[in-house]
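**Student:** Sequence:
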Amino acid sequence: MSELSSTPQTHIQHPKFVSAALLGVPLLDEATTGLNALGIPLIHEQLGLSPAQVLWLFGLSTLTSMLLEPLIALLSDFGSKRVWILTSMLFLVLGYILLGAAHDFWLALIALCLMGIVGKMAIGLSQAALIDLSPTESTRAMTRWTLLAGIGDLLVPLLVPAIIGLFFGWMALCWGAALCWLLLWLILCTQRFGTRGTTDPKPKSRANALTNNLRAALSDPVMIRWTVLSLIPSMVDEVFQSVITLYLHDSIHVSNLTLSLLLGGATACSPLALFILDRWHLERRVAPSRLLRWLAILVMFGFILLLTQQTLWLVGLALTLINLGAAGWYPIAKGQAYARFPGRSGTVRAITSLGGPLEMALPNIVGVCISLGGIIAGIGILGLAPCFVLLLTLRDRKLNTHQE
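When the letters of the sequence shown are read in order and numbered with my numbering, they come out as residues 51 to 454.
Since the hints were made in silico from the structure, they are not lab data.
Some hints here could point you the wrong way.
Unchecked claim - With beta-carbon atoms standing in for the labels, derived distance ranges:
| hint | residue 1 | residue 2 | range |
| --- | --- | --- | --- |
| 1 | Gly98 | Ser301 | 30 to 38 angstroms |
| 2 | Arg265 | Leu434 | 49 to 57 angstroms |
| 3 | Ile237 | Ile425 | 29 to 37 angstroms |
| 4 | His64 | Ser301 | 51 to 59 angstroms |
As the list claims (entries may be wrong) - Below, simulated SDA-like cross-link-like pairs (lysine to any residue); rule was C-alpha separation at most 25 angstroms, straight line:
| hint | residue 1 | residue 2 |
| --- | --- | --- |
| 5 | Lys66 | Leu77 |
| 6 | Lys66 | Cys239 |
| 7 | Lys66 | Ser184 |
| 8 | Lys66 | Val133 |
| 9 | Lys66 | Ile237 |
| 10 | Lys66 | Leu232 |
| 11 | Lys66 | Thr240 |
| 12 | Lys66 | Gly129 |
| 13 | Lys66 | Phe325 |
| 14 | Lys66 | Ile326 |
| 15 | Lys66 | His331 |
| 16 | Lys66 | Thr186 |
| 17 | Lys66 | Arg334 |
| 18 | Lys66 | Ser130 |
| 19 | Lys66 | Leu268 |
| 20 | Lys66 | Leu229 |
| 21 | Lys66 | Trp330 |
| 22 | Lys66 | Leu136 |
| 23 | Lys66 | Leu332 |
| 24 | Lys66 | Phe128 |
| 25 | Lys66 | Leu233 |
| 26 | Lys66 | Pro392 |
| 27 | Lys66 | Trp156 |
| 28 | Lys66 | Leu444 |
| 29 | Lys66 | Arg242 |
| 30 | Lys66 | Trp235 |
| 31 | Lys66 | Leu183 |
| 32 | Lys66 | Pro185 |
| 33 | Lys66 | Ile201 |
| 34 | Lys66 | Glu80 |
| 35 | Lys66 | Arg329 |
| 36 | Lys66 | Leu322 |
| 37 | Lys66 | Asp328 |
| 38 | Lys66 | Thr137 |
Every residue gets a Cβ at the ideal spot worked out from N, C-alpha and C, and that includes glycine.
Model the full assembly from the supplied sequences, consistent with the hints where possible.
**Tutor:** Structure, rendered in C-alpha cells:
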C-alpha cells in the first residue's frame, strides 16, 4: 500500500460524546430523507406540480449532490472537517426552510439542489470524521453508522402520519427537519473534534498532496476492490425492496397486510445482524473477506429460495436470509476501505463517491431487465450481488487483513 503521511489528531476532550453526536447524523439523514420521499404527495399538492415536475425536482437534486462531493471530500483531508460539517449543516437547515416556504417550482428546485449538495457534504464528512476519531476501529464505526441509518429509515413510516396528523402538512415536515438539523448543529458546535492530514497553507503544495493522495488510492488494487464491494449492497437495498414488492403483489398475489408484515419483518433483521456484528466483533474474529464470503453464501441461498419457491413462509425465510446476510456487506467493506488509508478518510470518501452514477443507473438497468424478461429477470439481476461479492473476495490473500 502506498504510504500517505498524516499529522497526529488534535486532542478531543469528549471523544465518546463526539462519536455519539456524529452517529446521530445518519439517523437524522435517513429520517429526513424518508420524510421527503413520503411527502411527495404533499409537495405535489402544495405547489400544484405535475408528477413529471416532482420527479425532476428530486432527480436534479440527486444529480447536483454528486458533482462536488469528490472534490470536497479530497479537500477535507487538509485541515479540520469540523468547519465543513458545521457549514454544510447550517446550509442544510436553510434549504429545508426554503423548501417549506416554497410556492413555485423554481424555488423548490433551488432549495432541493442546495440540500443535495450540502446534505451529501454533511453526511459524507461526518462519516469521515467519525472514522478519524478511531482509525483502527473503522469497521465497528461503520457498523454503528449503518445501524443508526437503518433505525432512522424504520422511523419514517411512524413519523410522517404523526406529523401530518398533528401539524400542517408539508411545511411542518420541512421545518421540523430544519429544527432537528439545527439542534444537531448546536450540539456539534460545542465540541472540538480535530484534524488528520496536513495543514500546509501553500496552494501548490496542497494541490500536489491532493493529487498524490488520489493517485495512491486509485493505483491500489486492494483499495479499489474494497470500494467496489462497498457499492454492491445497493443491489439489495431500495431497488430490491421495490422489485420484491411488485413480485409479491403481482406474482404471488399477497395481500397488502401480509406484504407489509413480510417486508417489515425481513427488514427488521438488518439491524439485528448489525447489532450482532457490533457486539461480537466478528470482523476481528474472522478475516473480513472470509466473513463477506459467508454472508454472500447466505444471501445467495436466500435468492435461490426466493426464485424457486412461492410458499409464503419460504418466501419470508428467503427475505430474512437475504437481509441478514447483506446487512454486514457495506460496513465491512467500507470500514476496510477506510482502514486501507488511515488518516485519509476524505480521500477514501472521494473514491467511493465515484460510484454514485452506477447507483443512480441501477433502477433503470433493473427496469429494462423487467421490461424484457419479466419480474423474475429483475430479481435475477439483483441476485447477482452475492456472486459479485464472492468473485471479489475469493482467492485474494491481500484482502484477508485484520484491523489491529
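**Student:** Give a verdict on every hint.
**Tutor:** Now the hints, each set against the structure:
1. A hinted range of 30 to 38 angstroms holds for the C-beta pair Gly98 and Ser301, which are about 37 angstroms apart.
2. Checked against the hint of 49 to 57 angstroms, the C-beta distance between Arg265 and Leu434 comes to roughly 31 angstroms, which is inconsistent with it.
3. Separation of Ile237 from Ile425 is about 45 angstroms and departs from the stated range, judged on CB atoms against 29 to 37 angstroms.
4. The given range of 51 to 59 angstroms is respected by His64 and Ser301, whose C-beta atoms sit roughly 53 angstroms from each other.
5. Distance check on the hinted pair: Lys66 and Leu77 sit about 17 angstroms apart at the alpha-carbon level, within 25 angstroms; holds.
6. For the hint linking Lys66 to Cys239, the alpha-carbon distance of about 15 angstroms falls within 25 angstroms, and the restraint holds.
7. For the hint linking Lys66 to Ser184, the alpha-carbon distance of about 11 angstroms falls within 25 angstroms, and the restraint holds.
8. Restraint check for Lys66 and Val133: satisfied, since their Cα atoms lie roughly 20 angstroms apart, inside the 25 angstroms limit.
9. As the CA atoms of Lys66 and Ile237 are separated by approximately 13 angstroms, the hinted pair is consistent with the 25 angstroms bound.
10. For the hint linking Lys66 to Leu232, the alpha-carbon distance of about 21 angstroms falls within 25 angstroms, and the restraint holds.
11. With a C-alpha separation of about 14 angstroms, the suggested pair Lys66 and Thr240 falls inside the 25 angstroms cut-off, and the hint holds.
12. About 21 angstroms separates the Cα atoms of Lys66 and Gly129, which keeps this hinted pair within 25 angstroms; it holds.
13. With a C-alpha separation of about 18 angstroms, the suggested pair Lys66 and Phe325 falls inside the 25 angstroms cut-off, and the hint holds.
14. This hinted pair checks out: Lys66 and Ile326 have alpha carbons roughly 21 angstroms apart, not beyond 25 angstroms.
15. For the suggested pair Lys66 and His331, the alpha carbons sit about 19 angstroms apart, so the restraint of at most 25 angstroms is met.
16. With a CA separation close to 15 angstroms, the supplied pair Lys66 and Thr186 stays within the 25 angstroms bound.
17. Between Lys66 and Arg334, the direct Cα distance comes to roughly 21 angstroms. Compliance with the 25 angstroms bound is thereby established for this hinted pair.
18. With a C-alpha separation of about 18 angstroms, the suggested pair Lys66 and Ser130 falls inside the 25 angstroms cut-off, and the hint holds.
19. Our distance criterion of 25 angstroms between C-alpha atoms is broken by Lys66 and Leu268, whose separation comes to about 33 angstroms.
20. For a cut-off of 25 angstroms, the pair hint linking Lys66 to Leu229 stands: about 24 angstroms separates their Cα positions.
21. Of the supplied pair hints, the one linking Lys66 and Trp330 holds, its CA atoms being roughly 20 angstroms apart against a limit of 25 angstroms.
22. For the suggested pair Lys66 and Leu136, the alpha carbons sit about 19 angstroms apart, so the restraint of at most 25 angstroms is met.
23. A threshold of 25 angstroms between alpha carbons decides the hint, and for Lys66 with Leu332 the separation of about 22 angstroms falls inside it, so the pair holds.
24. The hinted pair formed by Lys66 and Phe128 meets the criterion: a straight-line CA distance of about 24 angstroms does not exceed 25 angstroms.
25. Note on Lys66 and Leu233: the hinted pairing holds, with a Cα-Cα distance of about 18 angstroms set against a maximum of 25 angstroms.
26. A threshold of 25 angstroms between alpha carbons decides the hint, and for Lys66 with Pro392 the separation of about 20 angstroms falls inside it, so the pair holds.
27. A hinted pair counts as satisfied when its Cα atoms are at most 25 angstroms apart, and Lys66 with Trp156 does not qualify at roughly 42 angstroms.
28. Pair hint Lys66 plus Leu444 does not hold up; C-alpha atoms about 37 angstroms apart against a cutoff of 25 angstroms.
29. For the suggested pair Lys66 and Arg242, the alpha carbons sit about 12 angstroms apart, so the restraint of at most 25 angstroms is met.
30. At most 25 angstroms may separate the alpha-carbon atoms for a hinted pair to count; Lys66 and Trp235 meet this at roughly 17 angstroms.
31. With a C-alpha separation of about 9 angstroms, the suggested pair Lys66 and Leu183 falls inside the 25 angstroms cut-off, and the hint holds.
32. Restraint check: the Cα-Cα separation between Lys66 and Pro185 comes to about 14 angstroms, which is no more than 25 angstroms; the hinted pair holds.
33. Taking the CA atoms of Lys66 and Ile201, the gap is about 20 angstroms. The hint holds against a cut of 25 angstroms.
34. With a C-alpha separation of about 22 angstroms, the suggested pair Lys66 and Glu80 falls inside the 25 angstroms cut-off, and the hint holds.
35. The straight-line distance between the Cα atoms of Lys66 and Arg329 is roughly 17 angstroms, inside the 25 angstroms bound, and the hint therefore holds.
36. As the CA atoms of Lys66 and Leu322 are separated by approximately 23 angstroms, the hinted pair is consistent with the 25 angstroms bound.
37. Distance check on the hinted pair: Lys66 and Asp328 sit about 16 angstroms apart at the alpha-carbon level, within 25 angstroms; holds.
38. Of the supplied pair hints, the one linking Lys66 and Thr137 holds, its CA atoms being roughly 22 angstroms apart against a limit of 25 angstroms.
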